[in-house]
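Number of protein chains: 2
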Amino acid sequence: MVIAKKWIYAKAFSGYPTADNFRLEEETLGELKEDEFLAEAIFLSVDPYMRPYMLQYPVGSVMIGGQVAKVMESKNPKFPTGSYVHGNFGWRTHTVCTPSVGDRKPYVLPDFGKEPLSLGVGVLGMPGNTAYFGFLELCEPKEGETVVVSGAAGAVGSLVGQIAKIKGCTVIGITGTDEKCEWIKTIGFDHAINYKTADIREELKKMAPKGVDCYFDNVGGITTEIVRGRMNTFGRISVCGIISSYNEERAKVIDPQRDFVGKQLKQEGFVVSRWTARWMEGIEQNLKWIQEGKMKYRETITEGFENMPKAFIGMLKGENIGKAVVKV
Amino acid sequence: MVIAKKWIYAKAFSGYPTADNFRLEEETLGELKEDEFLAEAIFLSVDPYMRPYMLQYPVGSVMIGGQVAKVMESKNPKFPTGSYVHGNFGWRTHTVCTPSVGDRKPYVLPDFGKEPLSLGVGVLGMPGNTAYFGFLELCEPKEGETVVVSGAAGAVGSLVGQIAKIKGCTVIGITGTDEKCEWIKTIGFDHAINYKTADIREELKKMAPKGVDCYFDNVGGITTEIVRGRMNTFGRISVCGIISSYNEERAKVIDPQRDFVGKQLKQEGFVVSRWTARWMEGIEQNLKWIQEGKMKYRETITEGFENMPKAFIGMLKGENIGKAVVKV
Chain A
30 MVIAKKWIYA KAFSGYPTAD NFRLEEETLG ELKEDEFLAE AIFLSVDPYM
80 RPYMLQYPVG SVMIGGQVAK VMESKNPKFP TGSYVHGNFG WRTHTVCTPS
130 VGDRKPYVLP DFGKEPLSLG VGVLGMPGNT AYFGFLELCE PKEGETVVVS
180 GAAGAVGSLV GQIAKIKGCT VIGITGTDEK CEWIKTIGFD HAINYKTADI
230 REELKKMAPK GVDCYFDNVG GITTEIVRGR MNTFGRISVC GIISSYNEER
280 AKVIDPQRDF VGKQLKQEGF VVSRWTARWM EGIEQNLKWI QEGKMKYRET
330 ITEGFENMPK AFIGMLKGEN IGKAVVKV
Chain B
30 MVIAKKWIYA KAFSGYPTAD NFRLEEETLG ELKEDEFLAE AIFLSVDPYM
80 RPYMLQYPVG SVMIGGQVAK VMESKNPKFP TGSYVHGNFG WRTHTVCTPS
130 VGDRKPYVLP DFGKEPLSLG VGVLGMPGNT AYFGFLELCE PKEGETVVVS
180 GAAGAVGSLV GQIAKIKGCT VIGITGTDEK CEWIKTIGFD HAINYKTADI
230 REELKKMAPK GVDCYFDNVG GITTEIVRGR MNTFGRISVC GIISSYNEER
280 AKVIDPQRDF VGKQLKQEGF VVSRWTARWM EGIEQNLKWI QEGKMKYRET
330 ITEGFENMPK AFIGMLKGEN IGKAVVKV
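Sequences listed follow chains A and B, in order.
Sequence positions in the first sequence follow the working numbering and run 30 to 357.
Sequence positions in the second sequence follow the working numbering and run 30 to 357.
Among the hints, erroneous ones may be present.
Copies of the same chain are indistinguishable here, so a pair counts whether it falls within one copy or spans any two.
Straight-line distance between alpha carbons at most 25 Å, and here's what the computed DMTMM-like set of lysine to aspartate or glutamate pairs gives [as the list claims (entries may be wrong)]:
#1 292 x 172
#2 325 x 102
#3 225 x 332
#4 196 x 328
#5 292 x 348
Quick caveat, the hints were computed from the structure, so don't treat them as lab data.
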């Protein structure tokens with residue numbers, strides 16, 4: 030008999046989450062039925078999307094999210110005991126999973142070689158594929174172009190900048206501390222702007238004298254308004270997230286439509302699940318780039334399942350560098 | 030010796046243009062050189078784009094614009110005397126044209142059959158191609174989808190709605206008078222909203238109960254903010270113009286990026302010259318639809334070259350229905 034711990038969405042989010050939005054509960058899991066397996070969480074993901082997405086769920090739901098887990102017991106030959114899987118099981122230590130149920134299927138992790146399993150919720154999982162597909166498919170960067178990435182020291186942004194470098198672009202990252210600015214330059218960004226202390230508009234004039242061709246947007250709001258104003262004709266914008274407004278009112282911005290006409294800009298928002306059919310392509314390519322030394326990653330690991338809310342809140346406040354992960 | 034009349038951009042635009050922004054001048058034209066021809070304007074176009082575009086030109090320039098003209102004399106065998114041409118000659122009665130100079134080449138009008146020559150600056154010219162390419166290429170409408178068009182009784186919007194009907198869509202037009210609402214319904218729009226008297230949000234809920242798939246935007250601003258809020262996942266927005274802000278400050282709108290992510294929207298702005306290589310395709314298709322009775326057009330014709338400013342100002346104020354044209 031297995032007792033699972035799980036974090037419950039105890040009170041609806043309003044503004045920045047606090048401890049009282051969450052409640053830790055226990056649940057006794059039953060016997061496995063045919064096709065099911067029992068998974069034990071090893072690494073859990075905390076991601077920005079959880080903040081807006083939870084608003085769609087009733088209070089009392091388990092917090093949503095992906096995890097790397099070990100199969101402890103199985104009645105499904107595709108998920109043998111001892112294998113490592115990725116599953117969207119939510120904030121739980123143990124899960125009885127019926128793989129045939131639900132949209133977002135669990136999968137056995139491919140061989141990561143010498144790389145740690147935690148990457149299954151990072152560069153070799155959802156954030157990695159978000160960067161890979163969301164940037165390459167929607168921005169269609171060309172060699173010699175100038176790329177701006179907001180949220181540049183985060184799990185996704187830090188990878189987008191490196192993929193842009195691999196594709197031969199000049200890359201400017203926008204992030205919120207000097208430490209983050211330093212770090213993204215060590216992994217290959219050409220320039221970094223601390224939006225809390227610098228004038229983004231003036232910096233972009235200097236760093237991108239020929240204008241901006243691609244913008245990978247993690248933040249929205251005023252930052253995006255300013256970057257859009259520096260874009261070139263036929264510029265492409267991939268909208269991944271809107272961290273600037275997850276915990277606050279959406280900003281009022283200058284009507285963007287004029288820039289779209291005058292510069293013939295293209296903008297597309299996305300949710301990475303649209304590339305589910307190509308999921309392993311993204312993981313394999315990112316792993317290859319890591320093994321070739323072309324892609325670096327960084328994780329901010331919080332120890333202890335009991336610290337899930339703390340890790341989540343810290344991530345929303347930008348305290349992490351790279352991917353925020355919780356180790357059970 | 031030919032004396033041309035021409036309208037000069039006498040004072041920079043600020044707010045709605047008035048008579049003192051323009052000055053009528055005369056110019057004596059010289060002898061034709063090799064490859065040149067002399068054209069006499071028959072129909073001149075006044076279009077919304079002229080308002081923002083003129084800001085790029087110094088005061089003292091001739092007002093820009095397209096016209097249907099007759100070749101009166103020619104030293105270029107491709108433009109024989111007596112032929113009818115379209116040229117971006119500006120607001121002039123007579124022009125000596127060197128076809129090899131400039132980006133936007135003059136062309137001999139194809140045979141319009143029984144249709145009037147004025148259509149060469151309308152449905153069988155730039156506005157027609159704006160509707161044809163800007164809608165079909167960027168919105169990619171599918172049968173059964175719901176399409177919203179703003180500026181729906183204008184030269185472009187009225188055609189977009191009809192093309193959407195030809196493609197099997199449900200079409201909602203947004204425009205500014207009850208008379209315009211009535212007219213667009215007579216040419217096939219399923220629904221019409223008078224944005225000056227109706228609540229667009231509430232009307233769209235009723236008229237588009239399954240949401241909006243495509244939005245062809247001529248206006249920007251608050252109208253666009255509201256339409257975007259009713260769009261479906263994978264909705265497409267083609268941004269053609271921003272009439273709402275040509276003569277006024279750009280409105281502040283709610284940061285649109287969240288809608289883009291959540292609904293995976295795609296938006297692209299355009300200038301119709303990007304389809305120059307396919308120009309005749311658009312004219313031929315629109316002519317075919319007219320001859321088949323599938324596309325109606327309407328013109329608001331102002332008589333007299335001396336009334337160019339009046340026609341232009343009236344068009345910017347929405348006094349025209351369909352295409353605003355000046356007959357010399």
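Hints versus structure:
1. 292 x 172: The answer is within: 20 Å in one copy meets 25 Å, while 30 Å across copies does not.
2. 325 x 102: neither (34 Å within a copy, 69 Å between copies)
3. 225 x 332: neither (29 Å within a copy, 58 Å between copies)
4. 196 x 328: For residue 196 and residue 328, the Cα distance is within 25 Å only inside one copy (24 Å; across copies 51 Å).
5. 292 x 348: neither (36 Å within a copy, 29 Å between copies)
In summary, the numbered hints that this structure violates are 2, 3 and 5.
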